[in-house]
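Sequence lines, in order, name chains A and B.
So in my numbering, spot 179 of the first sequence is number 179, and the numbers just go up one at a time.
Heads up: take any position in the second sequence, counting from 1, add 1000, and you land on my numbering.
Hints are computed from structural coordinates only; laboratory data are not their basis.
Among the hints, erroneous ones may be present.
Not everything, but these chain A residues come out facing chain B in the computed CB check (under 8 Å) [claimed, not checked]: (1) 75; (2) 186; (3) 212; (4) 303; (5) 308.
Simulated restraints, written as ranges between beta carbons of each label pair [what the hints assert, rightly or not]: (6) 40/A with 1082/B: 14 to 20 Å; (7) 1044/B with 176/A: 44 to 50 Å; (8) 220/A with 1233/B: 56 to 62 Å; (9) 1069/B with 56/A: 32 to 38 Å; (10) 1150/B with 125/A: 47 to 53 Å; (11) 1151/B with 51/A: 37 to 43 Å.
Covered stretches of chain B, going by a simulated chain A footprint (3 or more residues, C-beta under 8 Å) [said to hold, decoys possible]: (12) 1030-1043; (13) 1092-1106; (14) 1271-1279.
All values derive from a computational prediction rather than experimental measurement.
Where a beta carbon is used, it is the ideal one built from N, C-alpha and C, also for glycine.
Number of protein chains: 2
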Amino acid sequence: MPDRTRRPLKDSMTADPPGFPAAQRSVSIKDVAKRAGVSVTTVSNVLNSRDRVSSDTRERVLAAIDQLGYVRNAAAWQLRAGRSRTIGLIVPDGANPFYSAIARGAEDAAVEYGGAVLVGNSNHSPEREAHYIALFEEQRVQGVLIAPVGDPDQRVEALRRRGLPAVVIGRTAQPESSSVSIDNVAGGYLATRHLLEVGRRRLAFIGGPASTPGIGDRLAGALRAVAEQPDATLEVLETTDLGVAAGRAAALALLDRTDRPLPDGIFFANDLLATGALQAFLLIRHVDVPGDVAMIGYDDIDFAQAAVVPLSSIRQPAALIGRTAVELLAREAEAPDENRRHILFQPELVARESSLGEAPSRTRPASDTTPTTQH
Amino acid sequence: MPDRTRRPLKDSMTADPPGFPAAQRSVSIKDVAKRAGVSVTTVSNVLNSRDRVSSDTRERVLAAIDQLGYVRNAAAWQLRAGRSRTIGLIVPDGANPFYSAIARGAEDAAVEYGGAVLVGNSNHSPEREAHYIALFEEQRVQGVLIAPVGDPDQRVEALRRRGLPAVVIGRTAQPESSSVSIDNVAGGYLATRHLLEVGRRRLAFIGGPASTPGIGDRLAGALRAVAEQPDATLEVLETTDLGVAAGRAAALALLDRTDRPLPDGIFFANDLLATGALQAFLLIRHVDVPGDVAMIGYDDIDFAQAAVVPLSSIRQPAALIGRTAVELLAREAEAPDENRRHILFQPELVARESSLGEAPSRTRPASDTTPTTQH
DNA sequence: CTCACCTGCTGAAACGATAAACTACCTTCT
DNA sequence: AGAAGGTAGTTTATCGTTTCAGCAGGTGAG
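All chains should be modelled from the sequences, with the hints used to inform the complete structure.
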């Protein structure tokens, strides 16, 4: 990144003469030209390191820039260039560690490209999403990365009509636009396979609502893993949301029923659910984890490894997703009609204490009565 | 994963690569004017709802806007107006729930003003901080909200000399610039006073490093509370950082020493420390919380109430801080020399199970006793 | 000597939106 | 009838930057 135009802040602090009228109008390239006794074109040439400038003149210009504390006006550049250096990112929930990691990855990549990311928080609201899309259009951003709350194809199509490249995050979009997502089926398979490998057979899937995009896929993967293991069963408990409280409630419901034994392995649709359940198991009833029941979550949020019993989880390469989305956008901006791609990341198993160690201590009853519930 | 071609998308603000098709021209106000058969000024008047337009013409213009899909160019507007509608926010760590809540609050407020927030993640790096400040200057943002990693006064002073209003978040800055912060002394006092009120006398403060801005204040508040209670004592354990592992280590160190008894009440400088210690107390050694030792943390992160023993904490109104910072900036932009302010928010005690009652927590279901429900 | 071609610079025209100043045209008051 | 004023527009200058099209003056080739 060329920082020749970016004078250190210290300079302006030290070199600010007392008589100077506190720059209400910010200094422009014109002021620099006047001070250096050259034309604006020459200053521009110096700034953009064209070689048509003698070293003598270049030095005079740089000195003037330094003295005046000139900072290039991005709006003017953008107007002239027809587009900006920023890209827009719309996430449904900035407080969710998964999305903030995506944002972080995108930000890092954008900074490497010399640009920046405008992050908009749709907060699961389509109106808010539309608001940010409108804002990004006004800003003439290079493109939009969107983890859509509503129907992605509609949004993306609208963007595309205006010539704004878009990359869908978290879902595979129509072939007309690029996307970066994670193989949730593989993640569900991975988690369930792991529970089977540590000897569990009476499994449960806890998560919901089933309409939430990734969730159904995770369950599908779990079902596939179970299908491969003839003596294993999987029951499904649907929750209303993916929060801690829902997990706690689901665990208690599981404990309170008398007709069936407790599953010996549970796959939670995300880490928050698992955290809530862990709390219920350990604290309210004294269920041994992983002794009585092995648990695995999904997302591998930071708190998972800090839980009382470190939680096994499925890690999604969130930062890499953000970074990749930016790179995909860059490609598409270069050649809009050729470089469309769909990238599917593979999740990764992170085995921790909640699913490791000894098999159930007490004698395990034959698991033949537990039905598999599918919906 | 795409191969990492590190070719800059565009070389900062230099010329386009030769092959680039010069970014298709988007429809401008001129195109709309031509289509509606009026002058550009008339279109502008319609857009800005001035009353110098007959309803007949207005309708024709609106129809043209609709047909062409016109979207206003923010860069041109900004160039003309001399400033932009965005404000910059620099946080040290976007993944930290406290800061993401601040960002969220700022974002909401900015949207209400019709603007947007450009969020930069300094990641505790002064270089990165400087990079974002430079970027914001180029963008001619309305102002900068900064939770500084280094010396705030230097940064803010440099910004101010360029005519960029700045609001410092999290520290009281020099009187020349506005700031929004939290009364950490009061928070420390509140936490410690609470421990005293539930009958604890042999207290400990765990946190550090002492050089971290807020930490010293929290300790100071703790000391004040202890000074008011003649029969109480407070010992201080300094940690190297504020992470979960440091908390676990500190708790174990406390348990391993033989010369003194375990404190009966501990005030942790933040919730992560407390979480680590909780884990050590409950799981590794079987110390009863709050029976043997009452605990209180700081920040009230979401996970505090989801911990195995719901953690008492000191809540900082993070979203409100972000919102207030934006409002302060708006004020200062209106009248730069008059409306400088320092706002100090008062933190709030959130008493949960980890510091309540004398009975062991195990018999009781987790109950969230959060006194207020604003979030 | 002249033609062509460098070197190092300048002038002016964009880019899109806004606002001050100005022009018609129509009403109304004195 | 002529001055005054309102209505509905249009012209034009401007913001800061890049870039195309020159333009002197020097230099080497033919």
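These are the hints, each one checked on the structure:
no. : hint                          : result
1   : 75                            : 4 Å, holds
2   : 186                           : 15 Å, violated
3   : 212                           : 20 Å, violated
4   : 303                           : 5 Å, holds
5   : 308                           : 5 Å, holds
6   : 40/A with 1082/B: 14 to 20 Å  : 18 Å, holds
7   : 1044/B with 176/A: 44 to 50 Å : 35 Å, violated
8   : 220/A with 1233/B: 56 to 62 Å : 59 Å, holds
9   : 1069/B with 56/A: 32 to 38 Å  : 51 Å, violated
10  : 1150/B with 125/A: 47 to 53 Å : 37 Å, violated
11  : 1151/B with 51/A: 37 to 43 Å  : 40 Å, holds
12  : 1030-1043                     : violated (count 0)
13  : 1092-1106                     : holds (count 7)
14  : 1271-1279                     : holds (count 5)
Figure legend: structure checked against the earlier numbered hints; hints not met, in rising order: 2, 3, 7, 9, 10, 12.
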